[in-house]
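Colleague: Here is what each chain is made of, one letter per residue.
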Amino acid sequence: MSSDESQSSGQTLQTRSGRRTRSSEATGNSLASGDRAGAGLDRGFAGLARFAGIGILIILAFVAFFLVYNSWGAIYHDQDGQADSASFHIGEFISHAWPLVIGTLIVSVIALLIAAPVAIGVALYISHYAPPRASRSIGYVIDLLAAIPSVVYGAWGMTFLAPQLVPLYNWLNEYLGWIPIFGGSPSPTGRTIITAGVVLSVMVLPIITSVCREIFIQTPKLHEEAALALGATRWEMITMTVLPFARGGIISGIMLGLGRALGETMAVVLVLSSGPIAWSIIQSGRHDTIPSNIASNFPESREGSVHWHELIAIGLVLFVITLLVNMLARWIVSRHKEFSGAN
Amino acid sequence: MSKSITAKNLNVYYGDFLAVEGVNIEIAAKSVTAFIGPSGCGKTTFLRTLNRMHEVLPGARVEGELLLDDDNIYGSGVDPVTVRTMVGMVFQRPNPFPTMSIRENVLAGYKLNGARMSRSKADEIVETALRGANLWNEVKDRLDKPGSGLSGGQQQRLCIARTVAVKPDVILMDEPCSALDPISTLAIEDLISELKKEYTIVIVTHNMQQAARVSEKTAFFNIAGTGKPGKMIEYADTTTIFNNPSNEQTERYVSGKFG
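Chains F and E, in that order, give the protein sequences. Each residue of the first sequence is one higher than the last, beginning at 1 in my numbering. Each residue of the second sequence is one higher than the last, beginning at 1 in my numbering.
Be a bit skeptical, because a hint or two may be false.
The calculated lysine to aspartate or glutamate pairs, modelled on EDC-like cross-linking and capped at a C-alpha distance of 16 Å, are [stated by the list, open to error]:
hint, chain 1, residue 1, chain 2, residue 2
1, E, Lys30, E, Glu248
2, F, Lys221, E, Glu55
3, E, Lys231, E, Glu216
4, E, Lys111, F, Asp42
5, E, Lys8, E, Glu21
6, E, Lys3, E, Asp69
These are calculated hints, taken from the structure and not from any lab test. Treat the numbers as computed from the prediction; the structure is a model and nothing was measured.
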């Protein structure tokens, strides 16, 4: 290095650290740095991230507060028409709420029972069986399913799918009618809770599929090859490495699907001809779900009336159910952390 | 138990690309054979053709003959799954199944055959395999803990135990020590010299001292340039390859002049 060069590099060092020296004059420590060019941006971004993180909590708190505050009127209110007779009506609310809770759970469970195995199968086909070009187009079609608005699904379920399923319900009733859930007189229109479940299963399919596909693809090649080298067939390789690795992801995907199924409103409103709860799931004019019940009744209820409070309160129940489902999913995912492959 | 391997004019392709050209080699049963050569010369590719593992990449295919004793590995109607139960493989990085315990890892290959076994039989298999891999004393008190909790060298020996448990005829090792520290490497090398009493072992290594230490015969692979196919340049006794090679490229490689 020539002396010229060493001198000039020494100078740049000085100018660059010039700002730093100013701020460290007080302490005399040249390492105590003041502001750097990136620091403003850095702090700005940290603030933005913090704001976003806290913001989501605040929104959730507001919703929860709104629900809890307005639910009170559902269990503590006046007798009809009689002022100054406010009292608790918990039993009344529960008898109103439980059929809706059961209906919501039935429809979601039906949807998941159908959607989860299909979604896992489709995701496995895309990630491990299909040739690359086919898997891309299948993935695209699946994602497209998610883009269809729920009202369209509802219309399809009501006018096309429901009549198609009538023969199946008749068959179930004839041969399996001794099981209570297939008893009674089967629906002539097909607008039953099981049809609603089938429509919902199509709606939750894309979300479960895409979550599973992402996880399946991430299975380490190393582990897949280890299984193959032991003499595993492709299916054995999948059960030995891919599925255990993806266990948490599959559960998350199913829970995301469940979240959508629990809250789905429009498709159920259109497909299901609602009514009181019954054992049979192949009768129409039976069952109702929380969201569809709220959607159907909310516009006609007067704000502040007991009915209005009841609808809010049943909304709170759905909120709590969804919360519990999510907590359960997290617990299941974390239970086997030691064996998850993350370590 | 152990079997010999014979390759006759073996060409390996990835699609239209000729990766390894014209390999002729005879690997004797119950011996250790090392493949050495610079990176990208096709030694790993060739190793993976020995148990059809290269087929996991789409478009990979082979021309020529590859015999396990007298049976053609690439004969029509041969299922790669059958080949792999007879020709086991240990990989560059230790890869125990993370979702399984140490015990389950050892039994993983065994369970694939669908064989139902009593608990005592399973215990016996686990102990024999882990003893065979010099790992028993270190893990016998924590067989139900995950295999991923072991050290790198222990994990690699667990992988060897898993391979040995299914009693293959040949064990392929693809740079089994490249991710390990010297002490663990020594443990694996000791293990190799014990395993060769029962198995035919083929090992790919970048470490020429290792090849000299563990193997009886050595094959040197080289590549003429990027995009050209890899070739087996010389195959002879290890002492000959390192002390008195007949080929000039081999001489330059083992004396450290390139690679």
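Colleague: Does each hint hold? Answer for all of them.
Modeller: Status of the hints after comparison with the structure:
This hinted pair does not check out: E:Lys30 and E:Glu248 have alpha carbons roughly 30 Å apart, beyond 16 Å. For a cut-off of 16 Å, the pair hint linking F:Lys221 to E:Glu55 stands: about 13 Å separates their Cα positions. Proposed proximity of E:Lys231 and E:Glu216 is contradicted: the alpha carbons are some 21 Å apart, above 16 Å. Restraint check: the Cα-Cα separation between E:Lys111 and F:Asp42 comes to about 54 Å, which exceeds 16 Å; the hinted pair is violated.
Under the criterion of a C-alpha separation no larger than 16 Å, the hint pairing E:Lys8 with E:Glu21 is consistent with the structure, at around 11 Å. Between E:Lys3 and E:Asp69 the alpha-carbon distance is near 6 Å, which keeps this suggested pair within the 16 Å criterion.
Checked against the numbered hints given earlier, this structure breaks hints 1, 3 and 4; the rest are met.
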